[in-house]
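For the record, the sequence lines run as chains A and B.
According to our numbering, the first sequence is numbered sequentially starting from 7.
According to our numbering, the second sequence is numbered sequentially starting from -7.
Please note that a few of the clues may not be correct.
To be verified - Cross-link-like lysine to aspartate or glutamate pairs, in silico, EDC-like; alpha carbons within 16 Å at most:
1) 110(B) with 63(A)
2) 141(B) with 45(B)
3) 10(A) with 77(A)
4) 30(A) with 139(B)
5) 247(B) with 278(B)
6) 110(B) with 22(B)
7) 30(A) with 106(B)
8) 122(A) with 45(B)
9) 56(A) with 37(A)
10) 252(B) with 274(B)
11) 30(A) with 278(B)
12) 255(B) with 221(B)
13) 247(B) with 274(B)
14) 10(A) with 12(B)
15) 33(A) with 112(B)
16) 244(B) with 221(B)
17) 26(A) with 221(B)
18) 94(A) with 139(B)
19) 41(A) with 72(A)
20) 26(A) with 112(B)
21) 41(A) with 105(A)
22) 10(A) with 39(B)
23) 56(A) with 66(A)
24) 33(A) with 39(B)
25) 303(B) with 278(B)
26) 10(A) with 106(B)
27) 33(A) with 306(B)
28) 26(A) with 24(B)
29) 30(A) with 40(B)
Just so you know, the hints here were simulated from the structure itself, not pulled from any lab data.
Source: prediction; values computed, not measured.
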Amino acid sequence: MCAKLRGIPAAIYSGLWKLKIFGKLNKQFPDTPIKLIVYVTDHPPAILIKINEGDFEIIELEEVKEVNDLEHFDCEGYLAAPMSYILKGPRALMKGKNDGEVNMKNESRIFLILGKIISLLG
Amino acid sequence: MSRMSALERILTVLEGNIPDRVPSCILGGDCDFVYRFMNSPYALTEEDMFQLDRDKISYATPFIHAILAKFSSADILPGGINAKIDMCWKLVGGALINLDFSDNILSQSGGAYEIFVKDDGIPHTWYMGPELLNKEHIEIYWEKEKELKPRRTQFRDISKITKVMLEKYDIVISWGTAGPFENCVLGIGLANFARFAKKDSNFLQQHLNFQWEAFEEPSLKLMLKAKPDVVMCGDDYGYNLGLQINVKHWRKFIKPILAKYVKLVHDEGAKFILHSCGNIGEIFPDFIEIGIDGVQSLKPQNNNLRMYREKYPEITLLGTIDDSKMLIYDSPEYIRNSVKENIELLGKKGGYIPGPTNFLLDHPPENVVALFKAIQEFGKY
């Protein structure tokens, strides 16, 4: 078996794929293009999520080695956190941000977009 | 007899009586099936989805309630394909945990799952294996009791979802939970189960008791607060030729906990269905003893369905339509004839709810439609 994505990138892809197959990407994300990065720091690589006009792309960013590297990318927001914070949800992420364990740029947009993707993971 | 609702029909069968016609059931389907369905002539249309969205019907895999609603008649959903489904499934609850000795995110059982995307672009979720590989791992897992406790919010919408599917689409949702065998074996592995059962039975019992107390009983209690009509517990005991474990070990370790599941569900007035793959004929007498109302899956190649029907009339047989070969490779006409024969063999006196033996994967949608249309056509009493 040949897998083109595994792990976190595949999980994000899966949510977007379900929106696309039911023709809901455009409705869920009318303000495109969207470009954001999710970096689960203990489960690399970081991924760039691109959504545009009813389609999407997931790009693995092998070159991201630390959170500071995210500043060099052209994106509207990012989330960089260890998996344990992500599993516990938005409240834990906000607490992690205050504690310096989680880094976010444009968090309201991040929560909105990831929330829509996760709701269809099933 | 006047036309029954899906709920009346399902409950009538599970109570051992004869309904207006043979009801049908399905577990759901994964992304492979969704892809095929949405690229078939039966695909959900904009108009369908307008109504389904308004009713807040879930599109989530593998339960695909939105696609199952499409099988309704046109008076329920304007684009309905009139191949009625009476009962579906939805698993509820389940935590994800992180353990220091594993790189994977684990399910509440301690097993690893992975989502991956094949070259064809279709995502899949697969069980990758047990991660609690020795006593030390298991003891570290026990320390996660707090994280394994079910969250109330996971069970919040059960009543609402059940009500809409029932009242608007006439489909019963059987609420799902994982059983004690799967919760144990998916975490520690079959080899460890057998080893502990033989050489360290106290430790195995301690682990089973931990899972019951940490999340199995609390999950069931939260689910039952929503007053479901039917609960279906997934617990795969069989392989093609028999049980995966020694029957003595099943009776010693699994049966007592399964009996607690059944009692809790019955005490709340709901029916209890067990989903188990494989050949499980050896423990049918035990199912009767602990009061299980129905058994789902029952692949005909692995089970003597005629014998079950004659010897155990107390138990409703669900599924029985082979999903691994016939539903994938044979023609709609062949499937239609097979359903007719099955209903004649198993459903003459009630006690039968046919449907695919497992989740739909790479099944041609036209075969699945043929299956449910045939149940409708030949299921009249």
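For each hint, the structure was consulted:
no. : hint               : result
1   : 110(B) with 63(A)  : 15 Å, holds
2   : 141(B) with 45(B)  : 32 Å, violated
3   : 10(A) with 77(A)   : 27 Å, violated
4   : 30(A) with 139(B)  : 34 Å, violated
5   : 247(B) with 278(B) : 8 Å, holds
6   : 110(B) with 22(B)  : 14 Å, holds
7   : 30(A) with 106(B)  : 25 Å, violated
8   : 122(A) with 45(B)  : 14 Å, holds
9   : 56(A) with 37(A)   : 12 Å, holds
10  : 252(B) with 274(B) : 20 Å, violated
11  : 30(A) with 278(B)  : 47 Å, violated
12  : 255(B) with 221(B) : 14 Å, holds
13  : 247(B) with 274(B) : 13 Å, holds
14  : 10(A) with 12(B)   : 50 Å, violated
15  : 33(A) with 112(B)  : 25 Å, violated
16  : 244(B) with 221(B) : 29 Å, violated
17  : 26(A) with 221(B)  : 34 Å, violated
18  : 94(A) with 139(B)  : 10 Å, holds
19  : 41(A) with 72(A)   : 19 Å, violated
20  : 26(A) with 112(B)  : 15 Å, holds
21  : 41(A) with 105(A)  : 26 Å, violated
22  : 10(A) with 39(B)   : 34 Å, violated
23  : 56(A) with 66(A)   : 11 Å, holds
24  : 33(A) with 39(B)   : 14 Å, holds
25  : 303(B) with 278(B) : 13 Å, holds
26  : 10(A) with 106(B)  : 13 Å, holds
27  : 33(A) with 306(B)  : 50 Å, violated
28  : 26(A) with 24(B)   : 14 Å, holds
29  : 30(A) with 40(B)   : 13 Å, holds
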